[in-house]
Amino acid sequence: MSRFVVQVLITPRPGLLDPQGSAIHHALQQLDFPEVSTVRAGKALYLDVEASSPDQAEARVREMSKKLLANPVTEDFQVHVEDADVTTAAGGGK
Amino acid sequence: MSRFVVQVLITPRPGLLDPQGSAIHHALQQLDFPEVSTVRAGKALYLDVEASSPDQAEARVREMSKKLLANPVTEDFQVHVEDADVTTAAGGGK
Amino acid sequence: MKAAVITFPGSNCDYDCFHALRDQVGADVGYVWHREQEVGDVDLVVLPGGFSYGDYLRPGAIARFSPIMESVVAHARRGGAVLGICNGFQILCEVGLLPGALLRNESLRFVSRHVWLRVENARTIYTSRYNKADLLRIHLAHGDGKYHADPETLARLEGDDRIVFRYVNRDGTVGPGSNPNGSAHNIAGIVNEAGNVLGMMPHPERAVDPVLGSEHGLPLFLSLSENLSTAGAA
Amino acid sequence: MSSLLSPVSLPGEPAITSQVVADHGLSPEEYDLVLNILGREPSFTELGIFSAMWSEHCGYKNSKRLLRLLPTRAPWVIQGPGENAGVIDVGEGYALAFKIESHNHPSAVEPYQGAATGVGGILRDIFTMGARPIAVLNSLRFGKLDSPRVRYLFSGVVRGIGDYGNCVGIPNIGGEVHFDEGYEGNPIVNAMCLGLMKTDELMTAEAKGVGNPLMTVGARTGRDGIHGATFASEELSEASQDKRPQVQVGDPFTEKLLLEASLELIRSGHIVGIQDMGAAGLTSSASEMAGRSGNGIVLEADRVPVREEGMTPYEILLSESQERMLVVAEAGKEEEVRKILARWELEAEEVGRVTDDGRFRVTWHGETVADIPATPLTDGCPTYEREGVESEDVQALRATDLTPYAQLSGDLSKTFQALLASPNLASKQWIYQQYDSTVRTSTVVPPGGDAGVVRIRGTRRAVAATTDCNGRYCYLDPGMGARIAVAEAARNLVCTGALPTAVTNNLNFGNPLKPPIYFQLREAVLGMAEACALFETPVTGGNVSLFNERDGKAIYPTPVIGMVGVVDDVDHITGHGFQTPGHQILLLGDNGDELGGSEYLYALHGVVAGAPPQVDLLAERRLQHAVLALVQRRLLASAHDCSEGGLATTLAESAVARGAGEGLGVEITLRDPIPAVPLLFGETQGRVVVSCTTDDLDRVHRLARSHGVPIQELGSVTPRAAGFHITTPDAHISMSLDDLEETHFQSLGRIMDRPLAVNPETSE
Ligand SMILES: Nc1ncnc2c1ncn2[C@@H]1O[C@H](COP(=O)(O)OP(=O)(O)O)[C@@H](O)[C@H]1O
Ligand SMILES: [Mg+2]
Chain A
1 MSRFVVQVLI TPRPGLLDPQ GSAIHHALQQ LDFPEVSTVR AGKALYLDVE
51 ASSPDQAEAR VREMSKKLLA NPVTEDFQVH VEDADVTTAA GGGK
Chain B
95 MSRFVVQVLI TPRPGLLDPQ GSAIHHALQQ LDFPEVSTVR AGKALYLDVE
145 ASSPDQAEAR VREMSKKLLA NPVTEDFQVH VEDADVTTAA GGGK
Chain C
189 MKAAVITFPG SNCDYDCFHA LRDQVGADVG YVWHREQEVG DVDLVVLPGG
239 FSYGDYLRPG AIARFSPIME SVVAHARRGG AVLGICNGFQ ILCEVGLLPG
289 ALLRNESLRF VSRHVWLRVE NARTIYTSRY NKADLLRIHL AHGDGKYHAD
339 PETLARLEGD DRIVFRYVNR DGTVGPGSNP NGSAHNIAGI VNEAGNVLGM
389 MPHPERAVDP VLGSEHGLPL FLSLSENLST AGAA
Chain D
423 MSSLLSPVSL PGEPAITSQV VADHGLSPEE YDLVLNILGR EPSFTELGIF
473 SAMWSEHCGY KNSKRLLRLL PTRAPWVIQG PGENAGVIDV GEGYALAFKI
523 ESHNHPSAVE PYQGAATGVG GILRDIFTMG ARPIAVLNSL RFGKLDSPRV
573 RYLFSGVVRG IGDYGNCVGI PNIGGEVHFD EGYEGNPIVN AMCLGLMKTD
623 ELMTAEAKGV GNPLMTVGAR TGRDGIHGAT FASEELSEAS QDKRPQVQVG
673 DPFTEKLLLE ASLELIRSGH IVGIQDMGAA GLTSSASEMA GRSGNGIVLE
723 ADRVPVREEG MTPYEILLSE SQERMLVVAE AGKEEEVRKI LARWELEAEE
773 VGRVTDDGRF RVTWHGETVA DIPATPLTDG CPTYEREGVE SEDVQALRAT
823 DLTPYAQLSG DLSKTFQALL ASPNLASKQW IYQQYDSTVR TSTVVPPGGD
873 AGVVRIRGTR RAVAATTDCN GRYCYLDPGM GARIAVAEAA RNLVCTGALP
923 TAVTNNLNFG NPLKPPIYFQ LREAVLGMAE ACALFETPVT GGNVSLFNER
973 DGKAIYPTPV IGMVGVVDDV DHITGHGFQT PGHQILLLGD NGDELGGSEY
1023 LYALHGVVAG APPQVDLLAE RRLQHAVLAL VQRRLLASAH DCSEGGLATT
1073 LAESAVARGA GEGLGVEITL RDPIPAVPLL FGETQGRVVV SCTTDDLDRV
1123 HRLARSHGVP IQELGSVTPR AAGFHITTPD AHISMSLDDL EETHFQSLGR
1173 IMDRPLAVNP ETSE
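Residue numbers (the numbering used here), protein chains in the order written: chain A, 1 to 94; chain B, 95 to 188; chain C, 189 to 422; chain D, 423 to 1186.
Quick caveat, the hints were computed from the structure, so don't treat them as lab data. No experiment lies behind these values; they were computed from the predicted model shown. Any given hint could turn out to be false.
To be verified - For lysine to aspartate or glutamate, the following DMTMM-like pairs were computed, each having C-alpha atoms within a straight-line distance of at most 25 Å: (1) A:66 <-> D:1175; (2) B:160 <-> C:258; (3) A:67 <-> D:1175; (4) C:320 <-> C:414; (5) A:43 <-> D:730; (6) B:161 <-> D:767; (7) D:620 <-> D:758; (8) D:620 <-> D:990; (9) A:43 <-> A:82; (10) A:43 <-> B:176; (11) B:160 <-> C:338; (12) A:66 <-> D:568; (13) A:43 <-> C:414; (14) B:161 <-> C:414; (15) B:160 <-> A:32; (16) D:836 <-> D:1164; (17) D:936 <-> D:814; (18) A:67 <-> D:973; (19) D:755 <-> D:722; (20) D:975 <-> D:814; (21) D:975 <-> D:812.
Said to hold, decoys possible - To give an idea of the chain C side of the interface with chain A (calculated C-beta under 7 Å), a few residues: (22) 219; (23) 242; (24) 244; (25) 245; (26) 250.
In this text, a Cβ means the ideal position worked out from N, Cα and C, and glycines have one as well.
Turn these sequences into a full structure, and let the hints guide you.
Okay, structure coming up:
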């Protein structure tokens, strides 16, 4: 068994209203960042997972995402197995 | 000028308590995913940006992040320039 | 006392602050829309509670860039009084007039109930009508009220007596059950170094009339009116 | 010119087959009616329009005939049923708009967004009348909380209601919630809103003034909730999952801007009509505005601002995207209207105009895609009187012999504590502490009392509101259950010092095509009509939510009563909690030997059986007058109506009302020759527990008797340390205040703080 850091990216389903994204977009316009045409706001989760292989880690986290992490009615999710160091940088650890 | 999709990952500063992450972790334990040892919860933003080059896109979005998107007191951020198709999958669009 | 209540899109306690100031302490008060450039010649600027820009991204993060904020910051730097309540407190931290940040409540739930506050510093322009250690029963209502700052900042706040209100139990003690949102050091309200900018999460404007169940917030507005009217204007 | 040609389906739109008609929820007979009205085959867009307007949700097919039986008139009624909300005169130049609305189906699919958008919709119904929302309430039903799925639904709904109302800044002043298998899989989410205006500020939703422009205001139109109205009129089943419309996402921030902008528009005099785009979106708002005025409307669907590419007129007309309004402006004032909206950072687009031909016409890039006579569309929906027969199982349940359950067994104090811990009786503070209840600084009685009370700033007056319904009573006897719901609501109001004034209601039922369900619907409406007439509380509006079934199992019949009342003087407002040791505790009304349908039977024996308590409406009326007279003479320290959980529970609620750590003791002796269990826990109606000083005792007795209301002394309020004691001829209950408070205040939270709440879509 070894330890993996798995990233789950959760985004509102395409077509669903994303008020948060629109508000951020609006604010960026006000702040003179006219080059931004759309903003979508989602969640990023980082899980430290024990697994026998990257594939197993990914499979398990997909299960978790289906069951709990993402709301199938309103959200899509993507799972990426990263190597530990990367995400510690991104804020892993207690 | 061409169009880039830029991903901004915002995570709570290491050392900062992350009640949301702990709550998710706790729930995963209950659902029998004992292999998870930590969960960190952050935000993922996707920006459609006009820029002359990937580097320029990244530089501008870093500026936006410093100024607005992340709170320096409590959050770290990472900026990745992605290629359009990837993120449309991740929920790009109006 | 002349006062300006700033209305951001999504503010919803502007009306309450207006009435507390006008009806309870007879202040000469007006609303100022966030798009305006000037707070004008006033003694007090109030950043009211609510959900400016829906609290999207982070509470106060977007409002802090509203056109009016430059003038609010200038007013503060001139030593003018700025009172930020709830969302107003969050905006003050985002704009850097107060240190630290307000994070999601520890419970991860919105909390709306009466809490007990202990007056820690009765020597500010906001609290001169109170006595140190007075206990106040005041309503709070927020989802992001957990005060956070780095250890150095917290030490400075403690050392310089800048923690004005602390959450306590009914008996005035800090202890289990006294902290409604997980705030560091049970902090409910702080002032800046100069003491002219106060940020607090609970709502004193909701405790100014017996019919509302508490008058414990009234002295805060009376203190201001007393201390600021003498300061010239109106 | 092109509009003279008869409407066409667009390339890519399906041909109208009997299957397509059926998918649109229209019966063959109804479709024939459509053919008659049009004198030709409908275009695809027209079919969508009829399907939405003639759905149960918009057309009230199965309920209209019954609703006509409700009393709707009184001198103080300014606006009865038919508008976005009812309006009554509350004195001193003020009018109160109020209405209740259901969002059951959306909440079953996505609890957070479903409940949130439910609040958004009811707020818009109120402020489009010209009234500023001053309070919200909510009436909720869920299955048992043992199930993680139910906890997921419940916590999501509460968060959704809270986040939306808190953000817009409208205080929550009350509501109700019940947990019972009867609602497994079919949660009930009803939201009620009260709004205040000057009587002359009333606005209606009519398309007046031929030539006036129609403008859409607020959010852009997406593919959200297409066919939501039809969807809300069908049973949930695996099959309906794929037919499921895209979830509507609420944006309370935009709603707040829309609220301020709409009130400013109405005051400005630049507009003649305004309506929320609710169920069936642009279709219902436009055609109803046309229908009400007798005028016609032409819509240029291609001019409606959209959020997604490639939207068809069919989708644009049926979209239920939130935070949108349809406004009829004064011709020539378009610019002023735009200016006001721009200040609130909102979009407005001119999308059509009022015509004189009485037709509802829709064009798409110049081509006519719909051309329908407005009145037949809005009022021509066929209405049905179905066959109603009571189910024999229910008759049997009602006849159940309850004597075995009435026997005393074990330590009665423990039994009582277990009863108090039931989530149906325990404090609901876990819920309402997630709702801002004091914003707008006018809340006098927040959630937790018998009814919520909000003052009218600048006057001595206040308005009170409550929602009530016991679905278990209604299941066992719909007529009696509905009468009790009205009686309890009125009792809750008078206890706070308000005169019951008017009613809005939400009829939540199963599939009315089934005779036992139609029986429930009919009996409930008849019962409500009788009680409302007798109490002089006319019904000024409401909402009907049918087909609340999952895989053939219907919810308990749940006719939720939302009642409002007027307080003449804020000084009269009385709480439900005991105030001071030494005060006397009295009972107005008589105890009874009725255990049927009680929480005691359900919580401790898992039984829903027997006849519900029998309510004597005339006795209730006398009781209401007596309580109000006592309160208005300031003779009472507290008044609390006796409902679920019976007399013992009511006494406990009054004892702990001041909050954990501040409760007071009580010493009670009951002498009625009634077995302890029904005496303590039975839910006999027409009772109110009051307290007063010994000095006032005689006056209280005299006043009660002069109203012909039975009154007896139960005991007195004692110091906290003395504890909580009730003695009956054959039993005794004793508890410490600490235990009482822990049980009352913590029980619901303890269940909900179990972290695990799993997504209904993916659990098990
Ligand atoms: N869903 C809810 N939202 C807000 N307040 C609620 C809710 N459910 C119950 N309450 C409040 O809890 C108190 C007790 O509710 P209930 O037992 O129905 O009172 P009653 O039996 O007097 O009608 C009331 O003040 C009610 O307003
Ligand atoms: Mg009730």
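Hint check results:
1. At most 25 Å may separate the alpha-carbon atoms for a hinted pair to count; residue 66 (chain A) and residue 1175 (chain D) meet this at roughly 23 Å.
2. Distance hint between residue 160 (chain B) and residue 258 (chain C) is fulfilled; the C-alpha atoms sit about 19 Å from each other, no more than 25 Å.
3. Simply put, residue 67 (chain A) and residue 1175 (chain D) have alpha-carbon atoms about 19 Å apart, close enough for the 25 Å limit, and the pair holds.
4. Proposed proximity of residue 320 (chain C) and residue 414 (chain C) is supported: the alpha carbons are some 18 Å apart, at most 25 Å.
5. Our distance criterion of 25 Å between C-alpha atoms is met by residue 43 (chain A) and residue 730 (chain D), whose separation comes to about 23 Å.
6. The straight-line distance between the Cα atoms of residue 161 (chain B) and residue 767 (chain D) is roughly 23 Å, inside the 25 Å bound, and the hint therefore holds.
7. Restraint check for residue 620 (chain D) and residue 758 (chain D): satisfied, since their Cα atoms lie roughly 23 Å apart, inside the 25 Å limit.
8. Simply put, residue 620 (chain D) and residue 990 (chain D) have alpha-carbon atoms about 17 Å apart, close enough for the 25 Å limit, and the pair holds.
9. Using a Cα cut-off of 25 Å, the hinted pair residue 43 (chain A) and residue 82 (chain A) holds, with the two alpha carbons roughly 17 Å apart.
10. Distance restraint check for residue 43 (chain A) and residue 176 (chain B): the Cα-Cα separation of roughly 17 Å lies within the 25 Å cut-off, and the hinted pair is therefore satisfied.
11. Distance check on the hinted pair: residue 160 (chain B) and residue 338 (chain C) sit about 19 Å apart at the alpha-carbon level, within 25 Å; holds.
12. Distance check on the hinted pair: residue 66 (chain A) and residue 568 (chain D) sit about 22 Å apart at the alpha-carbon level, within 25 Å; holds.
13. Note on residue 43 (chain A) and residue 414 (chain C): the hinted pairing is violated, with a Cα-Cα distance of about 48 Å set against a maximum of 25 Å.
14. Among the hinted pairs, residue 161 (chain B) with residue 414 (chain C) is inconsistent with the structure: their alpha-carbon atoms are about 39 Å apart, more than 25 Å.
15. As the CA atoms of residue 160 (chain B) and residue 32 (chain A) are separated by approximately 14 Å, the hinted pair is consistent with the 25 Å bound.
16. In summary, the hint linking residue 836 (chain D) to residue 1164 (chain D) is supported, as the alpha carbons are separated by about 14 Å, within the 25 Å threshold.
17. As the CA atoms of residue 936 (chain D) and residue 814 (chain D) are separated by approximately 14 Å, the hinted pair is consistent with the 25 Å bound.
18. A distance of roughly 23 Å separates the Cα atoms of residue 67 (chain A) and residue 973 (chain D); the hinted pair therefore holds under the 25 Å criterion.
19. The hinted pair formed by residue 755 (chain D) and residue 722 (chain D) meets the criterion: a straight-line CA distance of about 19 Å does not exceed 25 Å.
20. With a CA separation close to 16 Å, the supplied pair residue 975 (chain D) and residue 814 (chain D) stays within the 25 Å bound.
21. Under the criterion of a C-alpha separation no larger than 25 Å, the hint pairing residue 975 (chain D) with residue 812 (chain D) is consistent with the structure, at around 16 Å.
22. Checking residue 219 (chain C) against chain A by beta carbon gives a least distance of about 21 Å; that is not within 7 Å, so the hint is violated.
23. Nearest Cβ of chain A to the Cβ of residue 242 (chain C): about 6 Å, under the 7 Å cut. The hint holds.
24. With its C-beta approaching chain A no nearer than about 4 Å, residue 244 (chain C) sits inside the 7 Å limit, and its interface hint holds.
25. Taken as an interface hint, residue 245 (chain C) checks out: its beta carbon lies about 5 Å from the nearest beta carbon of chain A, inside 7 Å.
26. Satisfaction of the interface hint for residue 250 (chain C) is found here, the shortest Cβ-Cβ separation to chain A being roughly 4 Å, below the 7 Å cut-off.
The structure does not agree with the numbered hints 13, 14, 22 stated previously, though it agrees with the rest.
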